[in-house]
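Chemist: Residues per chain, in single letters:
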Amino acid sequence: MLFQQLVNGLVVGSVYALVALGYTMIYGILGIINFAQGEIYMYGAFGAVLTFSATGELGLSVLAGIAAACLVGVLLERIAFRPLRGMHPLIPLISAIGASIFLSSLGLLLFGPEDRSFPLDFIPESHRILGARVTDLQLVIAGVSVGLMVILTLFVNLTRHGKAILAVSMDSDAARLSGINVNNAYVITFLLGSALSGAAGILMAVYYNATSPTMGLLPGLKGFSAAILGGVGSIPGAIVGGLVLGVAENMGAAYLSSSFKDAFAFIALVLVLIIRPRGILGSRK
Amino acid sequence: MSVYVLHVIILMGIYAILSLSLNIIVGFAGLVSLGHAAFFGIGAYLSGLLMIHGLSFPQAFVLSGLITSILGLCLALPALRVKDDYLAIVTLGFGIITTLVFMNLGITGGPDGLTGIPPASFRGMALSGKWSYLAMTYGVLAVMIISVSTLKQSRVGRAWAAIRDNDVTAAFMGINTAFYKTVAFMTSSFWAGLAGSIYAHYTAYISPPTFGMHTSIMILSMVVLGGIGSITGSLLGAALLLLLPEVLRPLAAYQDVIYGALLVALMVFRPQGIMGRVKITEIFGRL
Amino acid sequence: MKKILWVWVVCFAVFCMGITQAKADDIKIGAILRLSKGASDGLPAKRGIEIAVKEINAKGGIKGKPITVIYEDSKDSPQEAVTAFQKLTSMDKVQVVIGPMTSGEVLAVAPIAQNGKIVVLTPTGTSPKISDAGEYIYRGCNRIDKQAEALTKFAKETLKTTKVAILYSNEPYGKGCNDLFTKFFGDLGIPVVIAESFMVGDRDFSSQLTKISQAKFDLLFIPGYLQETAPAISQARKMGITEQSMGVYGDMAPKYIELAGKAAEGHVNASEYNEDYNTPTNKKFKAEYYKIVKSSPNEPNNIMFAAITYDMARLVAKGIETNGNTPDDIRAYLDTVKDFDGVTGKLSFDKNGDVVKQGVYLFKVVKGKYVKVQ
Numbered sequence: 001m002l003f004q005q006l007v008n009g010l011v012v013g014s015v016y017a018l019v020a021l022g023y024t025m026i027y028g029i030l031g032i033i034n035f036a037q038g039e040i041y042m043y044g045a046f047g048a049v050l051t052f053s054a055t056g057e058l059g060l061s062v063l064a065g066i067a068a069a070c071l072v073g074v075l076l077e078r079i080a081f082r083p084l085r086g087m088h089p090l091i092p093l094i095s096a097i098g099a100s101i102f103l104s105s106l107g108l109l110l111f112g113p114e115d116r117s118f119p120l121d122f123i124p125e126s127h128r129i130l131g132a133r134v135t136d137l138q139l140v141i142a143g144v145s146v147g148l149m150v151i152l153t154l155f156v157n158l159t160r161h162g163k164a165i166l167a168v169s170m171d172s173d174a175a176r177l178s179g180i181n182v183n184n185a186y187v188i189t190f191l192l193g194s195a196l197s198g199a200a201g202i203l204m205a206v207y208y209n210a211t212s213p214t215m216g217l218l219p220g221l222k223g224f225s226a227a228i229l230g231g232v233g234s235i236p237g238a239i240v241g242g243l244v245l246g247v248a249e250n251m252g253a254a255y256l257s258s259s260f261k262d263a264f265a266f267i268a269l270v271l272v273l274i275i276r277p278r279g280i281l282g283s284r285k
Numbered sequence: 286m287s288v289y290v291l292h293v294i295i296l297m298g299i300y301a302i303l304s305l306s307l308n309i310i311v312g313f314a315g316l317v318s319l320g321h322a323a324f325f326g327i328g329a330y331l332s333g334l335l336m337i338h339g340l341s342f343p344q345a346f347v348l349s350g351l352i353t354s355i356l357g358l359c360l361a362l363p364a365l366r367v368k369d370d371y372l373a374i375v376t377l378g379f380g381i382i383t384t385l386v387f388m389n390l391g392i393t394g395g396p397d398g399l400t401g402i403p404p405a406s407f408r409g410m411a412l413s414g415k416w417s418y419l420a421m422t423y424g425v426l427a428v429m430i431i432s433v434s435t436l437k438q439s440r441v442g443r444a445w446a447a448i449r450d451n452d453v454t455a456a457f458m459g460i461n462t463a464f465y466k467t468v469a470f471m472t473s474s475f476w477a478g479l480a481g482s483i484y485a486h487y488t489a490y491i492s493p494p495t496f497g498m499h500t501s502i503m504i505l506s507m508v509v510l511g512g513i514g515s516i517t518g519s520l521l522g523a524a525l526l527l528l529l530p531e532v533l534r535p536l537a538a539y540q541d542v543i544y545g546a547l548l549v550a551l552m553v554f555r556p557q558g559i560m561g562r563v564k565i566t567e568i569f570g571r572l
Numbered sequence: 573m574k575k576i577l578w579v580w581v582v583c584f585a586v587f588c589m590g591i592t593q594a595k596a597d598d599i600k601i602g603a604i605l606r607l608s609k610g611a612s613d614g615l616p617a618k619r620g621i622e623i624a625v626k627e628i629n630a631k632g633g634i635k636g637k638p639i640t641v642i643y644e645d646s647k648d649s650p651q652e653a654v655t656a657f658q659k660l661t662s663m664d665k666v667q668v669v670i671g672p673m674t675s676g677e678v679l680a681v682a683p684i685a686q687n688g689k690i691v692v693l694t695p696t697g698t699s700p701k702i703s704d705a706g707e708y709i710y711r712g713c714n715r716i717d718k719q720a721e722a723l724t725k726f727a728k729e730t731l732k733t734t735k736v737a738i739l740y741s742n743e744p745y746g747k748g749c750n751d752l753f754t755k756f757f758g759d760l761g762i763p764v765v766i767a768e769s770f771m772v773g774d775r776d777f778s779s780q781l782t783k784i785s786q787a788k789f790d791l792l793f794i795p796g797y798l799q800e801t802a803p804a805i806s807q808a809r810k811m812g813i814t815e816q817s818m819g820v821y822g823d824m825a826p827k828y829i830e831l832a833g834k835a836a837e838g839h840v841n842a843s844e845y846n847e848d849y850n851t852p853t854n855k856k857f858k859a860e861y862y863k864i865v866k867s868s869p870n871e872p873n874n875i876m877f878a879a880i881t882y883d884m885a886r887l888v889a890k891g892i893e894t895n896g897n898t899p900d901d902i903r904a905y906l907d908t909v910k911d912f913d914g915v916t917g918k919l920s921f922d923k924n925g926d927v928v929k930q931g932v933y934l935f936k937v938v939k940g941k942y943v944k945v946q
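So the protein lines, in turn, are chains A, B and C. For the first sequence, this note's numbering assigns the number 1 to the initial residue and increments by one for each residue that follows. For the second sequence, this note's numbering assigns the number 286 to the initial residue and increments by one for each residue that follows. For the third sequence, this note's numbering assigns the number 573 to the initial residue and increments by one for each residue that follows.
Only chain A is shown next, with the shape it has when bound in the complex (with noise of 0.2 Å):
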């Protein structure tokens, strides 16, 4: 059963990290801690629900998941953050708050308070791994998800928009003064959070067959929770801070009590931020 809960954990934990790199991308250069962010998820989620409702076709909805987690990621820098950039983060804090009440009651009104479903109609083959059961599904959801972490670490590192986001969220002045359009860094920033969120978001309606505009809230929280245990602004450590928040839930669950599930994210957090409050693989600010 041990294993059973650990792969259990990795593959919600995989999920978890695809919204901690939203969080922690954004934290890094912005400073700002994206409350908004379970709401780009669930757009995610919506885009890609509705079309393949209305079409049937899975690679399409895909793309119009992210696509609608985009333009949400970047109205949002837009309308909510841009304006209040250099102040006491207090501010962008109550207006990341605000864009997330606002984000999910007007998900309410415009999709209903009920869940939808995903009707893909595959049943997933399960296999047995080290005698834990793992569906077919729930490989697709951790292959994704490791493959997205990949490709974001090779755009961050070798292309020249993803150096220029590096350089900005170590130094935005020194950025700016060596040519780089700081402006775009941020949007460019957001856009690839939010592909990732909207990702995650479109994974889990998949995987939990079940999507409503409050569904991002819970993800939300605990990704960020994640970006946090892994140490905020670092990349590798939104991905860790991931998995092993999904594994500490699974196994706090397990063994001492599923009434306490949720708090288990908290209460690590909690934990890490007064033992080691940068965090397993932050670096000392």
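Bear in mind the hints are in silico, worked out from the structure with no lab data behind them. Careful: at least some of the hints might be erroneous.
[Stated by the list, open to error] From the structure, some residues in chain A lie toward chain C, with a derived Cβ separation under 10 Å:
1. V7
2. R133
3. T153
4. F155
5. G162
6. S212
7. K261
Just so you know, these numbers come straight off a predicted model, no measurement behind them. Each residue gets a CB set at the ideal place from its N, CA and C atoms; glycine is no exception.
The hints should help you fit chains B and C onto chain A, whose structure is shown.
Modeler: Then chains B and C, alone, in the frame of chain A:
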């Protein structure tokens, strides 16, 4: 006057106490707290349980304030070690964990909540009727306003202002920042606990959802709307944010959308709130 | 100067609250439903009332006066339900309220209703505590212990259950079910070998189900709201848990089958309503309800909740028509009505204000459709 209107005015008073208490942490000392409703809840449950187990109202009332303030101390300890954004997270986590504790502990009634809370009473005479609760709530509020503004102008208040401006510099100048931050948390949670006590005995029934993140954010919004650091601002913020849903009852479905948009607009166009001083940097110093 | 201005704004706002809607000669009924959070139950419930009122008003209303229903949203919060109740009774001066929907909300409103002598009919509050909430509080559905009795007996006699695993929703409804059903199963000699819980909003039950799969049982009981119970059973099946499943009346909805998919097959649950109940009233109601569903496909669809509130609204209207529009008049009617022609059955109320009908319906999902088994 209609029972309904009185009811809302009483709630306004209770939330004014909450909002002002949060303002102590956020506005005076410049710290972030996203889990304030937890103290509200702790005070409410404590007071309710104490009275159910035989204590008199004055005893329960005072004890709930004091015990909540000790728990405020418990939050302050980890909070001292982290800054700004991380502090937001720790307090958020504290709030969520507290809600889960309320939900799962048998003694608090679990998810069913706590029923049969006795009404407030003095010397055996129980308070009934809205007017007596109104008097009590606003009486406590008045005492609070006087004590808080005295505190603000005292040495403690000046220390807070220095910490809010720039806590590294404040420490450098010889101010014991850890001590004053702790005092801020304890004072704030004391009053929040009292508010909880009044609430529990007024409504006679409390349940975990009332003290969750949604409420914490609402209290923070009241502080921000009214003006960070402004006493009248907190009162105004509480009044407005409680009245708005009532006045907008016909638009109930759109309430949250409006609320969210309002918060964003407030931050973009007037972050200092209604009563706040014009330059936000005057309040928070330089980054 | 600025401060004085704001004081005036606040006073004005308070004053605005005091303004009631235009007083017509209508008969006003209040309703407190879960219209935002929990709208999947609340909106169908609203529909039920609307259908009833439309029908009655089409026939000229009550003694010539039309009925107006004033709906308030409880936002799934006992605190909000109380404020809504205060508003309905002191501003709109209603004499009777249909709702609130959850036991927590009802228990919060009850003392105030009793003090103010206003009749409250909850269509869906299942807690046994509501029976003792007072003589002005009525309930339109079976108490949860009646459901427990029916389901556990069925489990023992028909399903031949010997051991039970419970996965419950950790909020008043699910937790109440867990406690109650454990007792009822125990009284029948069926032990509960493992009980795990989840929170509302959770969609991942893998850790709880993995633990459960380690135990030996022949019935998996999942009480809660369908948004969680449906994915729960779906994940259970995917995990290889093949034992018989059972749920409470929250699972009685097309949405449950949609979200659970093939995993719903064979599931047994309780219900307050049977669509095939063969009376002219029910046939008419069904037709009207499904007409509305067709025209608003995006709205939550749950005929059971609509059926209950449909009956509640008609009972209230009949009470006002027979006796008069005061709470005591309505109470007099409710306390004495016998065999009322409801779509949920032949209705009357017992001395605690709980509805008495033919008992609890039990349904099983067969080939993707609900089939009555009791």
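Chemist: A separate judgement is required for each hint: does it hold in the structure or not?
Modeler: Comparing the hints with the structure gives:
1. Checking V7 of chain A against chain C: minimum C-beta separation of about 9 Å stays under 10 Å; hint holds.
2. The closest approach between the C-beta of R133 of chain A and any C-beta of chain C is roughly 6 Å, which is under the 10 Å cut-off, so the hint is satisfied.
3. This hint is violated: T153 of chain A has a C-beta 27 Å from the nearest C-beta of chain C, more than the 10 Å allowed.
4. Here the hint on F155 of chain A is broken, as its CB sits about 30 Å from the closest CB of chain C, past 10 Å.
5. For G162 of chain A, the interface hint is violated, since its Cβ never comes within 10 Å of a Cβ in chain C; the closest pair sits about 33 Å apart.
6. Look at S212 of chain A: its Cβ gets to within about 7 Å of chain C, closer than 10 Å, so that hint holds up.
7. A hinted interface residue such as K261 of chain A counts as satisfied when its beta carbon comes closer than 10 Å to some beta carbon of chain C; here the least separation is about 7 Å, so the hint holds.
When each numbered hint is compared with the structure, violations occur for hints 3, 4 and 5.
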